Amino acid sequence: MRGVHVVVMTAATEAATGGFCKGPTKVHILRLQDSGMRIAITGTPGTGKTAVARLLARRLGYRYVDLKLLAEKKGAVCGYDRSRRSKIVDVALLEKVLPPGDLVLDGHFSHELEADGVVVLRTAVEELARRLRARGWPARKVRENLQAEIFNVCGEEAAALHRQVLELDTTRLKSAATAAAAAKWIATLK
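All the letters of the sequence shown, read from the start, carry residue numbers 3 to 192 under my numbering.
Read the hints as simulated data drawn from the structure, not as lab findings.
From a predicted model like this one, the values you see are computed outputs, not experimental measurements.
Cβ atoms here follow ideal geometry from the backbone N, Cα and C, with glycine treated the same way.
Be a bit skeptical, because a hint or two may be false.
[What the hints assert, rightly or not] Pair ranges (Cβ atoms, derived):
#1 39 to 99: 29 to 39 angstroms
#2 82 to 61: 34 to 44 angstroms
#3 189 to 37: 11 to 21 angstroms
#4 132 to 85: 17 to 27 angstroms
#5 166 to 85: 33 to 43 angstroms
Please model the complete structure; the sequences and the hints are all you need to start from.
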């Protein structure tokens, strides 16, 4: 299974790297207020994002968006990181091709996009290790993702970019209960 490593392309990044994405850069993209509500579901791979995002979208009547799939379909993949065996996504381009309306964005880099609220899913390291090994991931990739979870990389980045952030522990919580808790919080954002 392959993941997605996020790099935001800006003119400065492109010029400095000769066009190849090398490192993440913060960008803030303004959206029209009437473009619908966006909820980002983020977290380290293996925390349950896809199951929760699908249930949440259904519960709210929002459109579910798989960001990895959308990036591939819309040409927002700008490279490949061989060491991580991951595609590199141009998040600025991905922002431009998102469909309009109320959306639930699924992806461990969804917090890099403009959103009205971000739900960060967390999982205890032992359980996360079990889930990632069950996927057949190499030890190096499992280790890298466990470190990301220990340091709460997605949560820290989300908090730096957004005002409305909710963290939920999915270690023992079922996907339906997690989606219900997220929906309750989202109702306070409207």
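Do the hints match the structure? See the list:
no.: 1; hint: 39 to 99: 29 to 39 angstroms; in the structure: violated (18 angstroms)
no.: 2; hint: 82 to 61: 34 to 44 angstroms; in the structure: holds (35 angstroms)
no.: 3; hint: 189 to 37: 11 to 21 angstroms; in the structure: holds (20 angstroms)
no.: 4; hint: 132 to 85: 17 to 27 angstroms; in the structure: holds (24 angstroms)
no.: 5; hint: 166 to 85: 33 to 43 angstroms; in the structure: holds (34 angstroms)
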